[in-house]
Each structure stands twice: as C-alpha cells, then as structure tokens.
Amino acid sequence: MRLGEALSKIDRRIVFAFMALVVIVPFFLPLGILGRVSRPAQQVFDAVEELDPNEGPLLMSVDFDPQSMPELYPMLTSVLRHAFARDVRVVLMGLWVTGVGLGEQALNEVAPEYDKVYGEDYVYLGWKPGFAAVVLGMGKSIPETFPTDHYGTPLESLPMMQGIRNFNQVPFAISLSAGDPGALTLWIPYVQSRFGQKLGAGMTAVSAADAYPYLQSGQLTGMLGGMKGAAEYEYLVQQAGYSTAAMPAVQAMDSQSMAHLAIILLILLGNIGFVLTRKRRQ
Amino acid sequence: MKQTIPRLLCLVAGLVMIVQFFIPHSISETVFAESLRWVRIISAFALVLGVRSIVFHHGTKVRRKSSGWGYSVVTLVGMIVMAVVGLLGGVDPNAPKLIPTSIGTFSFHMQTLYENLMVPLGATMFATLAFYMASAAYRAFRARNKEATLLLIAAFVVMIGMVPIGSAIWPKLPDVAQWLLDVPSMAAKRGILFGVALGIIGTSLKIILGIERGWLGGGRS
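As they're listed, the protein sequences go chains A and B. The first sequence runs 1 to 282 under my numbering. The second sequence runs 1001 to 1221 under my numbering.
Fair warning: there could be bad hints in the mix.
In the DSSO-like style, the derived pairs of lysine-lysine whose C-alpha atoms are separated by at most 27 Å in a straight line are [to be verified]: (1) Lys1189(B) x Lys1146(B); (2) Lys140(A) x Lys128(A); (3) Lys1097(B) x Lys128(A); (4) Lys1172(B) x Lys1146(B); (5) Lys128(A) x Lys198(A); (6) Lys1189(B) x Lys198(A); (7) Lys1172(B) x Lys1189(B); (8) Lys1146(B) x Lys9(A); (9) Lys116(A) x Lys1097(B); (10) Lys116(A) x Lys198(A); (11) Lys9(A) x Lys279(A); (12) Lys116(A) x Lys128(A); (13) Lys1206(B) x Lys1002(B); (14) Lys1002(B) x Lys279(A); (15) Lys140(A) x Lys198(A).
Honestly, the hints are just simulated from the structure, not real lab data.
Next comes chain A alone, as it looks inside the complex (with noise of 0.2 Å):
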C-alpha cells in the first residue's frame, strides 16, 4: 500500500486505541497548564460574588442528564460551593427529568463541606412537567407553580422561602443546560426577555458557541462554556480562597487538551493522505 492510501485509510481500530491513549494517559501524567480565565466565565463568578447573603437567593437550573455530566455538573458544584462560602442562599430546579437525581447528588454533597441546613440556607424544588409553562409560572408566583419541594415539603414552612414570591426576589439566575430546554430555549425567550431577570449560563461546548449573541447583547451576563468553563470557575473558587475540593474540570483540562490535539493531527494525517492519492489520480 502506498503512503497516501496508508494515511488516508488508517483502521478505526487503531484511531480508537489512539484516542484512548490520550485521553488516559493525561490523568496520569498531567500537564498542569490551565490557560486563562475567559471573559464570560470571570463575568458569571463577578455576578455570584456581587450577590448580598442579605436578599434574594440564587436561582439555578439543572437542565442536564448523567450524558453531558462531565463538563455541566463540575459547573454545578463550584458555583454551588461559591454561594455557600458567601452564605448566599440556593434555590435549585431543574427542568430535565433525567437531571433531577444530580441535583440532589450536587447538594449532597457540596452542603455539609459548608454546614447548610436544608430550607434555610438551600432549597431543592425539582422537577415539575410543562417547561415554558413551569418558568413563566415562576413569573408569576413560585409558590403556586412549586406548591410543594422536591421531598413534598409545603413551601410556605421552609424559612428560606418566606417572601419569595417570584423573580422580583431572585437577583441572579444560572441554567447549567445541555441543550433543549435550556438557557437558550426557554431563560432567555421567556424569563430574560419578558421579565428583566439577569441571567447566566453553563453551557457544553458544543451548545456554547450559539450563546455569543446573547453575551453580546446583554441578555446574558455570563457564561461557562464546556468543560473549560467549569475549570475556570473551579480555578476562581480555589484563587478567591471559597474551596480547597478536588477540581475534576481542571484536571480533565489536560485529557482534553490532548484530544483536541490527537484529533487535528488525524483530519491532517487524513488531508497528506488525500493530497498525494490526488495527485496520483491526476
């Protein structure tokens, strides 16, 4: 076989094993290089840290499943343990039925690293059918579209939730979203746009490139894309002294780093191949 059919008919086998190989290897033998904070993402953090422990609470969204888990869910845990190192008070949500288990496991686990206790200091209020009609009804009255939490505890008895009647109190909102209901599809539209809420975003990577306009016009105030952006928060916590927990995002940085790699060396290996089997065809 000639060099440009070799190179341009590598075995997907090996392709995979490759992959495989940079993928593991970094966890390993990490690189250690984290790059720099991106603008959107040290806007979201701003955003977390201006909120007053005094007034409203943090509103986030799950809007994920267990799939996209590796870049949204580290998002989730940082921003959570932000807030709770500056007695900022949480209510979480989530509009994705496959999620609603991640937001009791992110709770779990990041409100007794703080000593919170659930109903005065975080509130879990779940899932509820009917998407748009869930956030435009929060518009309107949390109490009356989240009658009860996710546990079936009556709003009204939980502390924390005493005066909060809808986003009127809620000084920041976050979807951590991996696709459709999401930020983009049902945050912006409907509560951004048609009542004033300011709004942040965790975004995969794939999604987070469909965000920029909304950046750009404001209706987003920030945003963490893919995985890099959940380092990056992980990195602003850690920096601001609010966490010393293992930063999974930050060392997941290197695998990807090395795959992004891996994958442009195989599309030109693929282009060598193609141009000298051109040329003999010619």
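With chain A held as given, fit chain B onto it using these hints.
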C-alpha cells in the same frame, strides 16, 4: 369534525395568548395564569401517554420475540422497578415510606439507583462519542476546495485556542480563537437566529389560522 374542533381550539387559544400578551390588565393576567395551570396539567397527561406508549411498544416486541426483545425486557423491568421504588419508597430517604428502601447497609433507594445505574450508563454512552467523533473527523474532514480549507483552518484555531494548551503553544492563540467566535461566527449565528425567529412567527401564524395542519396528524398541509 375531528379536525374542526382541534383547529378551533388552536385558533382561540393562539389568539387569546397573543392578545393577552399586549394587554396589561388584571383580567388578562388571570387568563394567562389560568392557561399556565392548564398547560402544566396537560403536560402531566403527556407523561401518562408516554408510559403507555413505552409499555405497548416494548410489550409487543417481547410478545412477538422480535429482534432485540431482551433489551425491551430490561427497559420494562427498569421502568417498573424505578416506578415502584419511587412511588412506594418515596423521594426523601428520611420520610416514612410504604416499602423499605434498604436492607442492612444495602440501599435501593431511588437516588441510590439513579447515582449507581443511570449516571454511569449515561456517562458511558456519551463517552463513546469522543471516539466516533475522532474517527468521523479523520475520515470526513477533507480540504477539497478553498471553502473547506478555510473551515479547516478556523476549526484548528478554535480547537487549540479554546483549550489551555493553546496559550502554551502561542499566548495570542486564545485571542484569535475568541475573535473567530465573537465576529465571523456570531455574524452567521445572528443571521440564522433572525431567520429562525421569522420562520417561527410565520409557522405559528399558519398553525393558528389553520393553514398548516400537519400537527393534526396526516392532514393536508
């Protein structure tokens, strides 16, 4: 009649929702709040239909021993187990429940099942995507002409510039990648967004006015 009543309902509901949006009056607000409650209730009924559909689809596959019927058994068993544990075992592990959700130290509470079955299964499915993406990019991404070459170069810059190793290779690379996202990519995105928004308005009007009838199922459009 089967088409007229749904079309009439669609027309009335559509017009009412459009009109109420532009009228800041207490009656309008009440109509809006009530309609949201209706939507939430109707959405809950959709879940019932979904469960019925899954049971019928997979039940038929198991009965007929169709190809892959074993997976259907797993789906049905998984659905029944989670429903029974969730409905009778409750969401709150500390609240009183109808059935126990642990035997000794072995827990089969809904959250435990979720964290130990759903999470690793979902993560595994998505993790395999990286391998297929690498293989597909290697096979399909060819610089066949000038436009494809330009796309290829832009993709390389963004792929390296958006990960930490990019700034280690060349400190200005993240800025170049960010510019590509902020300017050319965003210009295209904005154009697409405007087009999509106008398309949504047009299609919505066609549905409300009964011109587009595809949503009725099998009707003329």
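Status of the hints after comparison with the structure:
no. : hint                    : verdict
1   : Lys1189(B) x Lys1146(B) : holds, 22 Å
2   : Lys140(A) x Lys128(A)   : holds, 16 Å
3   : Lys1097(B) x Lys128(A)  : holds, 22 Å
4   : Lys1172(B) x Lys1146(B) : holds, 25 Å
5   : Lys128(A) x Lys198(A)   : holds, 22 Å
6   : Lys1189(B) x Lys198(A)  : holds, 23 Å
7   : Lys1172(B) x Lys1189(B) : holds, 24 Å
8   : Lys1146(B) x Lys9(A)    : holds, 23 Å
9   : Lys116(A) x Lys1097(B)  : holds, 26 Å
10  : Lys116(A) x Lys198(A)   : holds, 25 Å
11  : Lys9(A) x Lys279(A)     : holds, 16 Å
12  : Lys116(A) x Lys128(A)   : holds, 25 Å
13  : Lys1206(B) x Lys1002(B) : holds, 19 Å
14  : Lys1002(B) x Lys279(A)  : violated, 64 Å
15  : Lys140(A) x Lys198(A)   : holds, 16 Å
Checked against the numbered hints given earlier, the structure breaks only hint 14 and satisfies all the rest.
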